[in-house]
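Input sequences plus hints: build the corresponding full structure.
All residue numbers for the sequence shown refer to the numbering used here, where the first residue is 5 and numbers rise by one.
Note that these hints are calculated values from the structure, not bench results. All C-beta atoms in this analysis are idealised placements derived from N, C-alpha and C, irrespective of residue type, glycine included. It cannot be assumed that every hint is accurate.
As the list claims (entries may be wrong) - Simulated restraints, written as ranges between beta carbons of each label pair:
hint	residue 1	residue 2	range
1	22	63	40 to 48 Å
2	215	172	33 to 41 Å
3	160	275	34 to 42 Å
4	156	221	43 to 51 Å
5	156	11	25 to 33 Å
6	184	205	18 to 26 Å
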Amino acid sequence: MTENAEEALHARTLGEAGPRVVFVHGLFGQGKNWTTIAKGLAEDHRVTLLDLPNHGHSPWTERVDYVDMAELVAAELESFGEPATLVGHSMGGKVAMQLALRRPELLRALVVVDIAPVEYPLQGGRTEDPDEEASPFAAFIAAMRRVDLASLESRSDADAALRTAVPSRMVRSFLLQSLAREESGDGWQWRLNLELLERDIGELRGFPDPPPGATFDGPVLWIAGANSHYVLPEDRPAMDALFPLTRLVKVKNAGHWVHSEQPEIFLETVRRFLDQVEE
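Structure, rendered in structure tokens:
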């Protein structure tokens, strides 16, 4: 944990023995999003699920910054006293890459899920494909902020309120995991700092310059959804320059939320990688 308890990230660990594996979620997520995958590894690993700042049960901050988030995750890893394999999806993947480039001694290996060390468009797509979904995150934030929490009677009411802006049932279910009863039990609250995320969403599309000459020379597994546009062939040179021991795996019939859409294949892919790096 960090020295300042107020800055410590919320963490939950499954498994009592074995090598350390740490999972970091994407935008609007929580550590518990990884529970199914974690249970699949916990028999022979100690698996820690983190809530990033402004998400879940972790503290809210005054700004969104990848380097700040990487430092907070690094503090958690330092507390283990041994290297860990770090797995990060989307925004969490960028946090994980920043940490690997700045504190490589903390990691045994790195798994990056459906994101690249590049800048993404704030609006519109990355390709000429007319079927590519434009970056939806600003619209998701606006939709969540429009939900009238004061008059909300049930989670299904919130689901209905989000349906127009978020047509995917899977994505709505994912977003609604961050909708919780207030401690008094009388109302509802988002476990997301939506105002801050809306203000700083431009920061999330970028990738801060790593320290001059920095590379992570440990093993890297890069998992991408075959139906996703977040990882394109032109992203490979940037990945290889920073992470020279990268192996890319594309998962069929999966989009950006690879681990939710194809959990069994994702788990088996990660398990095989861990078997290799932990020999």
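Now the hints, each set against the structure:
{"no.": "1", "hint": "22 x 63: 40 to 48 Å", "result": "29 Å, violated"}
{"no.": "2", "hint": "215 x 172: 33 to 41 Å", "result": "38 Å, holds"}
{"no.": "3", "hint": "160 x 275: 34 to 42 Å", "result": "36 Å, holds"}
{"no.": "4", "hint": "156 x 221: 43 to 51 Å", "result": "50 Å, holds"}
{"no.": "5", "hint": "156 x 11: 25 to 33 Å", "result": "31 Å, holds"}
{"no.": "6", "hint": "184 x 205: 18 to 26 Å", "result": "22 Å, holds"}
Of the numbered hints stated above, the single one contradicted by the structure is hint 1.
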